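Engineer: Residue numbers for the sequence shown follow the UniProt record's numbering, so the first one is 1 and each next one is one higher.
Certain hints may be false.
Between beta-carbon pairs, the in silico distance windows are [stated by the list, open to error]:
1. C27 with E76: 27 to 37 Å
2. S40 with N84: 29 to 39 Å
3. Y102 with L35: 20 to 30 Å
4. R161 with L52: 31 to 41 Å
5. H82 with E12: 29 to 39 Å
6. T47 with E88: 27 to 37 Å
7. E61 with R127: 18 to 28 Å
8. I2 with R67: 41 to 51 Å
9. Q106 with S128: 27 to 37 Å
10. E152 with I85: 17 to 27 Å
It should be emphasised that the hints constitute simulated quantities derived from the structure, not laboratory data. Computed from a predicted model, the values in this text were never measured in an experiment. Idealized CB from N, CA, C, for every residue including glycine.
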Amino acid sequence: DIDDVGHKYYLELELEDVLDKDRTVSCTAEVLYHLGSRASAPDVQVTVQGELRSTEEADKEFYNRMRSLEKELVAENIPDSHGNIPPELEPIHLLAWVASGYVIWQNSTENTKFHLAQVKHVKQVKRSDEDLQFDYVVLLHEMVSQEVLPWEVTVLWHPQRGARVSR
Numbered sequence: 001d002i003d004d005v006g007h008k009y010y011l012e013l014e015l016e017d018v019l020d021k022d023r024t025v026s027c028t029a030e031v032l033y034h035l036g037s038r039a040s041a042p043d044v045q046v047t048v049q050g051e052l053r054s055t056e057e058a059d060k061e062f063y064n065r066m067r068s069l070e071k072e073l074v075a076e077n078i079p080d081s082h083g084n085i086p087p088e089l090e091p092i093h094l095l096a097w098v099a100s101g102y103v104i105w106q107n108s109t110e111n112t113k114f115h116l117a118q119v120k121h122v123k124q125v126k127r128s129d130e131d132l133q134f135d136y137v138v139l140l141h142e143m144v145s146q147e148v149l150p151w152e153v154t155v156l157w158h159p160q161r162g163a164r165v166s167r
């Protein structure tokens with residue numbers, strides 16, 4: 001407890017590389033939840049010891065594949081009711097996971113525990129610049145209340161600039 005400020009937590013974590021499940025890196029984090037302030041995201045400071053595998057080649061391949069589609073991608077229910085994700089939709093699911101992390105961070109309190117349950121719908125949106133845009137409806141499972149909450153999220157992505165959540 002920090003008087004008149006909030007509650008600070010010190011965490012030690014192991015991060016798993018999503019592309020190489022056998023590779024992990026150590027991570028420490030400090031998380032500060034401000035008193036009485038549900039409107040502001042917690043302050044998070046993270047330190048990662050080590051490096052995860054580079055995604056540069058996979059990113060370029062995905063980017064070029066998405067840019068070359070004749071019709072914009074539209075997909076639903078990722079993963080399906082059996083937990084399966086088609087390999088060609090794995091990058092779409094990973095982008096939703098990143099975007100959901102942002103939504104979760106912005107909407108977290110000490111009494112919530114969100115988890116990305118499913119991409120209910122995703123639609124690629126044609127753009128005039130170099131970014132890829134995906135409009136998602138994701139289902140977030142709030143583990144404490146057991147509610148499943150739909151969130152609309154727009155993600156802009158470019159392999160050199162990474163992901164940006166715009167709503």
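Engineer: Against each hint, give a clear statement of whether it holds in the structure.
Structural biologist: Right, here's what the structure says about each hint:
{"no.": "1", "hint": "C27 with E76: 27 to 37 Å", "in the structure": "holds (33 Å)"}
{"no.": "2", "hint": "S40 with N84: 29 to 39 Å", "in the structure": "holds (38 Å)"}
{"no.": "3", "hint": "Y102 with L35: 20 to 30 Å", "in the structure": "holds (23 Å)"}
{"no.": "4", "hint": "R161 with L52: 31 to 41 Å", "in the structure": "violated (18 Å)"}
{"no.": "5", "hint": "H82 with E12: 29 to 39 Å", "in the structure": "holds (34 Å)"}
{"no.": "6", "hint": "T47 with E88: 27 to 37 Å", "in the structure": "holds (35 Å)"}
{"no.": "7", "hint": "E61 with R127: 18 to 28 Å", "in the structure": "holds (19 Å)"}
{"no.": "8", "hint": "I2 with R67: 41 to 51 Å", "in the structure": "holds (48 Å)"}
{"no.": "9", "hint": "Q106 with S128: 27 to 37 Å", "in the structure": "holds (28 Å)"}
{"no.": "10", "hint": "E152 with I85: 17 to 27 Å", "in the structure": "holds (21 Å)"}
The structure fails to meet hint 4 from the earlier list, while all remaining hints are met.
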